[in-house]
Every structure is written in C-alpha cells, then in structure tokens.
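Enquirer: If you read the protein sequences in the order shown, they are chains A and B. This note's numbering puts the first sequence at residues 268 to 775. This note's numbering puts the second sequence at residues 3 to 290.
Treat the hints with care, since some could be wrong.
[Unchecked claim] FRET-style restraints, in silico, Cβ to Cβ: (1) B:Ile-53 to A:Gly-567: 51 to 57 Å; (2) A:Pro-484 to B:Gly-36: 51 to 57 Å; (3) B:Val-275 to A:Phe-287: 42 to 48 Å; (4) A:Asn-269 to B:Arg-187: 40 to 46 Å; (5) B:Asp-111 to A:Val-280: 41 to 47 Å; (6) A:Glu-479 to B:Ile-42: 35 to 41 Å; (7) B:Leu-109 to A:Leu-352: 25 to 31 Å; (8) B:Leu-283 to A:Pro-476: 15 to 21 Å.
It should be emphasised that the hints constitute simulated quantities derived from the structure, not laboratory data. Remember, predicted model here, so these are calculated numbers, not experimental data. All residues carry an ideal CB built from backbone N, CA and C; glycine is no exception.
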Amino acid sequence: MNRQTIVMFGSVVLFVAMLFLMNVSNTTQRTRGLSGTDEEPLVVFCAASNRVVMESIRAQYEKEFSRPIQIQYGPSQTLLSNIELSGAGDLYLPADDSFVELGNSKGLLSEVLPLASMHAVVAVRRGNPKNIQVFSDLLQPGIRVVQASPDAAAIGKRTKLALMDANLWDPLKAATVAFRTTVTDVANDLVVNAADACIVYDAIMKSYPDLEAIQLPEFKGIVSKVSLAVVSGSKQPQAALHFARYVAAKDRGLVHYAEQGFQIERGDTWSDQPELSVFAGSMLRPAIEETLIAFEKREGVRVTRVYNGCGVLVAQMKAGQHPDAYFACDTEFMSQVPDLFPNPVDVSRNELVILVKKGNPLDINSLRDLTRKGVRVGVGHEKQCAMGWLTKNTLRESGLETEVMENVTVQSPTGDMLVNQMRAGALDAAVAYLSNAAGAAESLDAIPIVGLSCSLATQPFAVAEGSRNARLAERLFRKICSTESKETFEAEGFRWRDPAPYGKQLVP
Amino acid sequence: MHDTKSPLSIPPTPRNGWSPRPRSDTLFFLVMGGISSCFIVLIVLMLVADILFTTPRNFYDALSKPEIRAALRLTVFSCTAAAILSVWVGTPLGYLLSRYKFRGRWLVDTLVDIPIVLPPLVLGLSLLILFHQPIFGLQLEGTFRDSLGVPITYSWRAVVLAQFAVACAFSVRTMRVTFDQMNPRAEEVARTLGCTRGQAFWQIALPQARRGIVTAFTIAWARALGEFGPILVFAGTTRMRTEVLSTSVFLELSTGNLDAAVAVSLLMVVMAVAVLLVLRLFGTGLKT
C-alpha cells in the first residue's frame with residue numbers, strides 16, 4: 268500500500284469518525300433529561316434577544332412535561348424568512364410585534380399570545396457621566412447618540428414616528444452618530460464606549476448591569492409588545508398551543524419575563540387542560556357549535572357551553588354564576604351585566620321573522636295577519652329570552668301588541684322550541700329569528716317583518732372581567748371571527764358585523 | 003531576503019567576512035516593513051484589546067457552560083468533516099481545471115468562485131430554498147427526511163453542508179494554483195512509460211501536490227471555523243444541537259453578554275492558531 272492510499276484511507280476513516288461523533292453527540296443531547304419520551308420536539312423560532320428568558324422557561328417546561336422543545340435563535344426577520352421558506356416550525360417569538368404583524372400579513376401565523384411590553388428609554392453608562400437629564404442634552408455637541416435604524420428595527424421606527432409628531436426627529440437624527448440594526452447592537456456600543464447615549468428598550472437593561480436607564484417624557488409613548496405566535500403550518504398545533512399557553516401563563520412563563528425586567532401582559536392562570544365556560548343564547552348554538560368543537564380540538568381545552576334564553580342566562584349570572592365568556596342574543600341582555608362584561612364586541616345581527624308552514628296555507632304576510640281570529644301564534648317569552656323581548660318591542664311599535672297577544676297560545680324561552688311546535692302542528696305561526704328557521708327550511712317558510720327597525724337583534728361577545736382564562740376566551744373570539752365561522756353564521760341566517768378589528772378591546 | 007539567483011547582483015567579496023548593507027536596502031526594508039507591520043500591528047492590537055476586555059474568569063466561565071462545550075465539540079467535528087470533504091472534491095476539480103482545456107471550463111471556473119463572492123447569508127438562503135422548494139417535483143428535504151429518515155435542515159448535517167459549500171470553493175482555488183505551479187512534464191513522462199492518466203495523477207501528481215493538499219485542508223478548515231451566515235439560516239442555532247462557536251458569539255452578543263462573546267471569540271482564535279501551527283509544522287514541514 269503506497270503513501271497516497273494510506274492517506275486516502277486515513278481521511279475516509281477520519282471523516283466517518285467525525286460523522287459518527289456528531290451523530291452520537293447529537294443523540295446524547297437530545298435524550299439527556301428527556302428520557303422516556305418519543306415525542307416530536309416542538310420547534311420554536313425565537314429572537315436571540317429573548318434567549319435568556321426562553322431558556323429558563325424551556326428548562327422548567329421540559330422538567331414539568333418531559334416534552335422536548337427545540338429552539339432556533341436568530342434575528343427576527345431571518346427567522347420569519349426561514350418559516351416562509353421551509354414551512355417548518357411550530358412557534359415564532361420575534362423581538363417585537365411588528366414582525367408578528369408582518370407574519371400575519373403573509374398568512375404565516377395563526378394564534379398570537381401577548382407576553383410583555385417594552386418601553387423606550389435613554390441608556391447611559393452607570394453614573395451618567397455625561398449628565399444627560401433632558402432631551403436637549405442629547406443634542407449637545409460631543410454627545411454621541413446611537414439608535415436603532417428606523418428601517419431595520421421596530422424601536423427605531425417607533426422612535427422616528429413619535430418624535431416626528433413632536434418635531435424632534437430631525438435634531439435627534441442630526442445628533443445621532445450611528446444607526447444600528449438591532450437594539451442589542453445599540454446597547455453594546457454603549458458598553459464598549461462607542462456611544463454616550465442610546466435609545467433602547469427598558470427590557471434589555473437587565474442584561475447590562477453597567478448601564479442605567481433615564482426616562483424622558485419624549486420617549487414615554489414608544490412601546491413595543493412581545494408576543495408568541497403559532498406558525499400556521501405547525502403539524503402539532505395542540506402541543507404548540509400547550510407550550511404557548513405555558514409561556515403566556517401569569518404563574519409560569521410570565522414570571523420569568525418579569526424577572527428579566529419586562530413589563531408583563533395580563534396572562535391566564537396555568538392549567539394543563541383549562542376549562543372555558545361560555546354562556547350563549549340558544550339562537551347562537553347552530554352558528555357557533557362547530558367553531559367551539561374545532562377550538563377545543565386545536566387548543567386541547569374543554570369548553571363548557573350553557574345555551575339558554577338570554578334572560579335565563581342573565582338571571583344565572585346575577586345569581587353568582589360567572590362564565591369566562593358570554594355571547595348574548597342581543598345587546599339588551601349584555602347591558603344587564605355591565606360589571607361582568609365591560610367590553611362587548613358586536614359579532615352578528617339576526618332579524619325577527621314570522622314563521623309559517625311550508626307554502627303559507629293561511630296566507631300570512633304581515634304582523635297584522637297574526638291578529639286574524641283562530642290563528643295560533645307562538646312568541647318568545649319577554650323575560651326569558653332576547654327574542655321575546657324584541658318581539659314585544661316590535662309588536663308594541665307596530666301598534667298590534669294587544670291584538671296579536673290575544674292569539675298567542677305559547678310563550679317559549681327559545682326560538683328552537685317554537686320551531687319544534689310549528690313542525691308538530693301545534694302552531695300556525697310564530698315570531699322567531701330567521702336563524703331559527705335555517706334548520707327547518709323543508710317544513711317552514713319565513714315571512715320578513717318590514718319597516719320596523721327594532722325587529723333586528725345584535726349579538727355581542729364579551730370576556731368576563733377577572734376571568735382566569737381571559738386570553739383563552741379572547742382566542743375563542745378570534746376563532747369566532749374567522750372566515751369559516753363567518754360562513755357558518757351567514758348560512759344560519761345571521762348578518763355579519765365584521766367584529767375582528769374591534770377585538771383588541773376584549774381583554775384590556 | 004536577497005535574490006541569490008540573479009546574475010546581475012554579484013556582491014563584492016568582503017575582506018573580513020562582513021559587508022555594510024547599502025543605504026538603499028535599509029530604506030527598502032524600512033518602507034516595506036513599515037507598510038507590512040500596519041496589518042500585523044492591527045491584528046495584534048485587536049487581540050490585545052479582546053484580551054484586555056475579558057478576564058481569565060470570563061474565559062473559564064464561558065468554557066464551563068455545557069452549551070459552549072457542545073458548540074466547541076461540534077465546531078471541531080464539523081470543520082474537520084467539511085475540510086476533508088472539501089479536499090476530496092477540491093483536488094480532482096482543481097486538477098481538471100489546471101491540466102485540461104475543455105468546453106465550458108470558463109463557466110466551471112466561474113461557478114466555483116460563486117460561494118466566495120456570494121454574501122454568506124444569501125448562500126444559506128440558497129441552501130434553504132434548494133432543500134425546501136420542489137425542483138422537478140422533488141423536494142430534497144422531504145426525500146431525505148421521509149425516505150431515508152435523515153433530516154438535513156436544522157440538523158448537524160446542515161452545519162457540515164453549509165461549511166462545505168463555502169470551504170470547498172477555497173479548496174478548489176488552492177488546489178488549482180498548486181497544480182498550475184507543478185510542471186506537468188513528470189506526468190507526461192510517466193504516461194510515455196505506460197501509465198494511464200489515473201496512474202499519473204495518483205502516483206505522480208498527488209504526491210507532488212502534498213503541500214498544496216495540506217494548505218487546502220488548512221484553509222478549508224479555517225473558513226469552516228469562521229462560517230456564520232449560512233449556518234444561521236440553513237442549520238439554525240439550536241443550543242446543544244446546531245450551535246457552533248461562531249453562532250455562540252452571535253447568541254452571546256444578542257443578549258448583551260459581551261464578556262462571553264469575547265471569550266468565545268478568543269477561544270476560536272486559539273483553536274485557529276493551534277490548527278494552523280500543527281498543520282504547518284507537521285503537515286508541510288515548513289518551520290520558518
């Protein structure tokens with residue numbers, strides 16, 4: 268065997284040895300501390316700036332659940348590009364929510380869980396050697412200001428917008444010696460004495476013991492949020508949401524965020540499988556039931572539904588039962604529990620109609636026809652359900668209340684019961700919601716009530732003040748606002764109110 | 003440092019064995035040495051600044067972190083694997099480009115340089131696209147993962163591949179220069195004596211190119227050590243799994259841990275110098 272052959276053979280052996288060692292090392296690391304689990308690891312794309320807090324949360328979670336978490340760190344934009352190109356990953360945690368908005372606009376993200384907020388401050392070296400006290404001190408000759416680029420970093424962009432409104436951007440820009448791509452680069456400049464003052468987030472100050480923060484009123488309104496989002500293409504959304512709920516829980520992940528100097532958002536109380544209680548008017552059942560089932564499956568939670576007439580539901584709540592969320596048949600029945608539900612959002616509208624037998628054999632075309640002698644009429648109970656209350660108002664406005672009520676043989680707490688009685692032949696006509704007739708189109712016709720605006724009911728959704736599962740309820744609301752849900756509502760005879768843009772006020 | 007071969011520069015024979023250096027030579031060395039020292043001084047000063055910024059304690063703390071030790075192991079293994087692969091590919095490709103004129107040689111020559119001129123992040127992005135976008139109905143990542151059970155992206159294999167993609171270009175360039183500088187006459191003589199092209203390459207060219215191969219390996223290893231952008235994009239930076247020392251520096255910097263970042267940087271300097279010295283001393287026999 269000549270020398271070249273020996274060298275060649277040696278290089279093959281060395282190469283194989285390297286591959287073997289990498290494989291062994293990797294396998295060892297993967298199984299260390301997670302023995303006994305064959306679960307596919309959750310892949311989290313996390314901004315490098317969140318590494319310290321994320322590593323401590325990961326350690327606690329893996330210890331508690333023995334489910335492996337694999338975290339990819341990097342710049343937020345690079346990670347988002349990776350998600351877009353590879354379609355891989357389960358969760359995305361960028362440096363601030365501007366990247367979440369970007370990811371949402373591309374359809375890459377689904378559920379978003381708010382974690383914390385960060386406020387802009389002026390950072391200086393400890394002891395404030397340049398004596399920076401007010402905004403104008405930053406503009407003095409000899410003060411080297413470094414800030415994040417408005418084009419590359421959210422804090423730079425928000426600083427520019429806030430200061431432009433106050434006509435302070437141009438002087439600060441002139442005094443800035445450098446714009447950096449990330450906020451940590453900015454702070455690092457201060458540490459290595461390449462700057463005298465920097466605009467950074469207060470949340471990063473904990474990592475820089477040699478720096479101190481100065482609060483200036485000009486920067487007070489500059490706030491960014493940190494949110495954790497589920498990647499739309501995740502193959503294990505239930506597991507992803509389990510970890511996401513853990514990170515966003517006020518007694519789990521948010522504790523770590525608070526320790527690292529973040530101002531944390533309101534979070535839910537941790538539960539391995541939370542139970543969300545929802546009170547909803549009976550009329551809404553066909554419109555939301557499928558959405559609730561899908562929500563339970565995706566989130567891995569239980570939703571306890573109580574469907575009933577809204578008057579009954581309000582009475583239950585006043586008696587002490589407090590659901591996490593309430594979906595009322597009409598605003599009237601939401602406004603009766605304002606302390607419990609201070610921030611309702613209108614989701615849909617439903618109209619009252621006159622239900623008659625298929626083919627309308629009695630030729631009933633208006634409310635006046637219900638006053639004819641011998642017509643058996645059914646209406647909702649005015650105190651037990653929104654439908655009854657609306658019917659009473661509508662009849663009163665039409666001036667026919669007394670005459671129609673003489674023909675009323677049944678006052679029911681729900682529209683579904685009226686429909687059943689119509690189908691059983693116990694009634695000739697009933698005043699109910701159009702949505703009540705949606706499932707009985709083969710046996711009933713709906714006659715519209717025209718010219719009376721009070722015959723329209725508006726359905727608001729609200730999250731209970733002080734709910735332990737407020738964020739979970741908020742995500743249910745997002746699900747109800749989805750396109751699929753909208754289609755179901757419309758198929759059931761509801762009119763859509765486009766509630767999504769107003770959902771931000773659900774959980775203050 | 004004087005030219006002993008030039009027939010025009012025959013120095014006068016000194017009577018006592020010593021001759022004063024001409025004034026023009028002193029000036030020459032002063033100017034040349036002065037210019038050259040700028041670069042050397044810059045490097046030395048940078049290292050001194052790094053050393054002054056950190057402390058032995060920081061260095062020790064950084065090295066005692068399990069994730070840094072894992073990154074150190076992966077760095078050594080992956081750089082070595084990528085460098086070996088680079089030499090395996092670079093040697094035949096450099097030889098072909100040097101010895102033969104074939105149609106499209108200029109194109110191959112240009113393509114080889116692309117990883118050198120391409121911004122590193124773009125190279126990583128290109129690798130990511132290559133493995134995830136279907137090409138003629140075939141998605142590489144899916145094929146490797148589902149059919150062979152060997153995922154590439156975000157694994158240590160992606161680290162080696164990303165390092166290889168850049169390091170190999172330098173290896174090819176080095177090997178081509180090596181073969182360019184070797185007189186092909188010996189190989190031609192061997193062929194006239196009955197050797198095939200393969201035998202001439204294996205028995206004549208390869209032994210002569212030994213120093214070039216060692217240099218190519220060294221450069222490829224050093225390039226792989228400093229590789230950052232493609233690894234960040236293509237392999238990710240999962241601690242204990244795909245984190246190498248260059249990405250450790252980035253991660254420590256991103257969290258404001260400058261002391262650890264500098265300590266890891268110095269560790270990389272030590273590793274690079276050690277490898278370069280070992281290869282220089284034992285690989286090529288060059289001791290000056």
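Enquirer: Could you run down the list of hints and mark each one as holding or not?
Expert: The hints, checked one at a time:
1. The beta-carbon spacing between B:Ile-53 and A:Gly-567, approximately 52 Å, falls within the hinted interval of 51 to 57 Å.
2. Take A:Pro-484 and B:Gly-36: their Cβ atoms lie about 55 Å apart, and the range 51 to 57 Å holds.
3. At about 27 Å, the CB distance of B:Val-275 to A:Phe-287 disagrees with the hint of 42 to 48 Å.
4. Between A:Asn-269 and B:Arg-187 the Cβ separation comes to about 22 Å, which falls outside the hinted range of 40 to 46 Å.
5. Distance hint check: the CB atoms of B:Asp-111 and A:Val-280 are about 32 Å apart, inconsistent with the given range 41 to 47 Å.
6. Checking the proposed 35 to 41 Å range against A:Glu-479 and B:Ile-42 shows it holds: the Cβ atoms sit about 40 Å from each other.
7. Between B:Leu-109 and A:Leu-352 the beta carbons are some 28 Å apart, a value that agrees with the proposed interval 25 to 31 Å.
8. Between B:Leu-283 and A:Pro-476, the C-beta spacing of about 44 Å breaks the proposed range 15 to 21 Å.
Violated hints, in rising order: 3, 4, 5 and 8; the structure is consistent with all others.
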